[in-house]
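Student: Each chain, letter by letter, is given below.
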Amino acid sequence: MNQRFKPAETFRRDFTFRNSDEAVLRFPFPFPEDSYMYSVNIEPHTPGGPTAAFQAAFDVDEHYVAECAERAIVLEEDPGRCKVLPHMMAAQWDTLELIMESFARDYPQDFSLTKEGTNWVWENRPLGIKQSFVFGDAKTLPCEPFEYITRQAQGDFTLQDQREDNLFVDGGMVTTQADWSLEFNIGMTFHEWHGPVPLAHQLGVFDRALKFLMRLQYGQPVRRLNWTMTINPRLDTSPENYPLWGTDRTTVTPENVAEKVFLRVELQTLFRLPRSNAILFGIRCYLLSVADIARVEKWGKRLHRVLLDLPTELQDYKGLTRYRQTVVDYLAPLDDGAPLPSGIAPGQTAL
Amino acid sequence: MSGADHLPLRVRETEMISPLLKRFVFEAADGGELPPAGAGAHLRLTLEGEGRRWKNAYSIVSAPADRSHLSIIVRRVSPSRGGSAFLHEAVHPGAVVAAHEPGNLFPMSHIARKHLMVSGGIGLTPFLSYLEAIEATGADFELRHFCRDEEIPIFERILSGFDAGRITIHPASAPFDLSQALASQPLGTHLYTCGPEALMGLVLAAARDHGWPASKLHSESFGGAHAGGLPFTAILKKSGLKVAVRDDQTLLEAIEEAGLEPDCLCRGGACGVCLTSVLEGEPDHRDHFLEGAESASNRSIMICVSRAKTQNIVLDL
Chain A
84 MNQRFKPAET FRRDFTFRNS DEAVLRFPFP FPEDSYMYSV NIEPHTPGGP
134 TAAFQAAFDV DEHYVAECAE RAIVLEEDPG RCKVLPHMMA AQWDTLELIM
184 ESFARDYPQD FSLTKEGTNW VWENRPLGIK QSFVFGDAKT LPCEPFEYIT
234 RQAQGDFTLQ DQREDNLFVD GGMVTTQADW SLEFNIGMTF HEWHGPVPLA
284 HQLGVFDRAL KFLMRLQYGQ PVRRLNWTMT INPRLDTSPE NYPLWGTDRT
334 TVTPENVAEK VFLRVELQTL FRLPRSNAIL FGIRCYLLSV ADIARVEKWG
384 KRLHRVLLDL PTELQDYKGL TRYRQTVVDY LAPLDDGAPL PSGIAPGQTA
434 L
Chain B
15 MSGADHLPLR VRETEMISPL LKRFVFEAAD GGELPPAGAG AHLRLTLEGE
65 GRRWKNAYSI VSAPADRSHL SIIVRRVSPS RGGSAFLHEA VHPGAVVAAH
115 EPGNLFPMSH IARKHLMVSG GIGLTPFLSY LEAIEATGAD FELRHFCRDE
165 EIPIFERILS GFDAGRITIH PASAPFDLSQ ALASQPLGTH LYTCGPEALM
215 GLVLAAARDH GWPASKLHSE SFGGAHAGGL PFTAILKKSG LKVAVRDDQT
265 LLEAIEEAGL EPDCLCRGGA CGVCLTSVLE GEPDHRDHFL EGAESASNRS
315 IMICVSRAKT QNIVLDL
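So the sequence lines, in the order shown, correspond to chains A and B.
If you read the first sequence in the numbering used here, its first letter stands for residue 84, the second for the next number, and so on.
If you read the second sequence in the numbering used here, its first letter stands for residue 15, the second for the next number, and so on.
No lab work stands behind these hints: they were computed from the structure.
Certain hints may be false.
Claimed, not checked - Below, a list of computed lysine-lysine pairs in the DSS-like style, where the Cα atoms sit at most 27 Å apart: (1) A:Lys294 x B:Lys69; (2) B:Lys128 x A:Lys166; (3) B:Lys69 x A:Lys222.
Unchecked claim - Which chain A residues stay away from chain B? Per the calculated CB distances, all over 12 Å, these: (4) Ser103; (5) Asp262; (6) Asn268; (7) Gln303; (8) Thr334; (9) Pro394; (10) Pro416.
Don't be surprised by glycine CBs; every beta carbon is placed ideally from N, CA and C.
Just need the whole structure built from these sequences, with the hints factored in.
Tutor: Following this line, the structure appears as structure tokens:
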């Protein structure tokens, strides 16, 4: 597989981020049915799935180099976006080992890992990195192992310690988030950090999800999709930077809606880490404009139907209230109301 | 991903530690690295005997940092379900056995100031990997091991590589005051116990009496999470099969043995994937998924862990 990276893209100011046709068709579209409600929509994270985004343990796509550069900018401005509590050092090494081994296995043309005992050499060709270090000795890396490896991966990551029949979010690298703050949430229990989510608590979703995750097994990772919408292809929609992006919601018009509004999908993956028994939570963010969604017939119609019936509580929680109707009006003429097959695959191989 | 045995292991060497204890050292059958295993992790082996198959779990006793091999110590039990006798008699160096990737139901705390371990007999095994991990981190610990008087030299030998100043081996015949050992622990100590149920019961009760909070008490029973029960028969309506569920296997295992592959994921009664409709008979619910009313209605069953209270149960499979 030949990876083509687009190093010059930006996710701020001039927003030069674009998806190629291939990137559109591999998008993990989140709606298998015409309506949406919360559920414990967890499935095994095995290679394969409805689009190419599900092929690898950690997906590396055409935006890889640009997203790593964006992460570096955010960390430069706000180093607190990466934080790991001191008792999570074993989980840090588990994470580094898992991501390095997965990258080297899934993308051998881009990454390689050579080991002689605990002397490891890591090569990341897209970013031009070659690093020798001693596995288990943090002093041999330029920064702590979790920060080191997640600076070289797309998407956010959190580390959950399991104790007292609960999961505590005791670490993370969070620079591409949908309006939540690691600094605010760090150390919280599972129900505490999901506190703001509407409706799902009453459905028992979090009780079941916690029970399930507590029993997550090493070697059997799982995944789910989550979604919201974002104005402009901005990865860093953090509470810390709300003044920079909050008002964007007021700028959507019928003329610019297709280019300016993005469906934001999180491919969430959960891995039991072997030595620490912690859980690594990957939150990989994909952005696709309403214009690009409309190029895939099935997705354009389905997004129209989902947004049309979306419960008010979810509209408010996801911040769609001001512009949902504008998106619905744009998509309505494209939807003939014909029945759509269930599932999230695009149903076409070219645009 | 339904829990298949995808880790073929070759027996590198074996050692009779005593007439009843046999150590196995496994390496990856393909010669590569083994998956990492944390302190307290276990290895589930699938053993294929003549006309018989066992899925037994054993604590991993090798160092968590080392991916070149995985070691276990197997006590030949009597009466045996058959698995331990099979390992003692029929599994020799060079043999390849199927394993499931290491799981961990007895992990160490990362916030403990000190680790206090109390084990009995073969219940020492998870603590051997704890001791390896502790050696790497330098954490504070204390181990108190109880065994039959005549086995003291055997356990002294097994523990000889570790800090003897913090390890005490107690002969089962001598009186011992657990209260004093518990009362003298520094704040922030976590207590772990593994061994016969009677010993663990005493240890945990003594700790509770001394006011230790549940969050600092950890225990692991033998026999895995889903011990068996009385045998029963599952009648699978859609496939027209009659499946005898033995006392030592789960309903799901018996259905898989009959050639079906029902949807399942966690195999621990939590995820809800294997939810199956009950048409007749009364389930013996052992899952964490079904809520009160759902469970009481007896119209559904989580086949990975639950069994039947009635001799027959009819399932929509």
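Student: None of the hints should be skipped; say for each whether it holds.
Tutor: Comparing the hints with the structure gives:
1. A:Lys294 x B:Lys69: Distance ~25 Å between Lys294 of chain A and Lys69 of chain B Cα, so the pair holds.
2. B:Lys128 x A:Lys166: holds (25 Å)
3. B:Lys69 x A:Lys222: violated (43 Å)
4. Ser103: holds (31 Å)
5. Asp262: holds (29 Å)
6. Asn268: holds (18 Å)
7. Gln303: Label violated. Min Cβ-Cβ 6 Å, cutoff 12 Å.
8. Thr334: Non-interface label on Thr334 of chain A holds, nearest chain B Cβ at 43 Å vs cutoff 12 Å.
9. Pro394: holds (23 Å)
10. Pro416: holds (40 Å)
When each numbered hint is compared with the structure, violations occur for hints 3 and 7.
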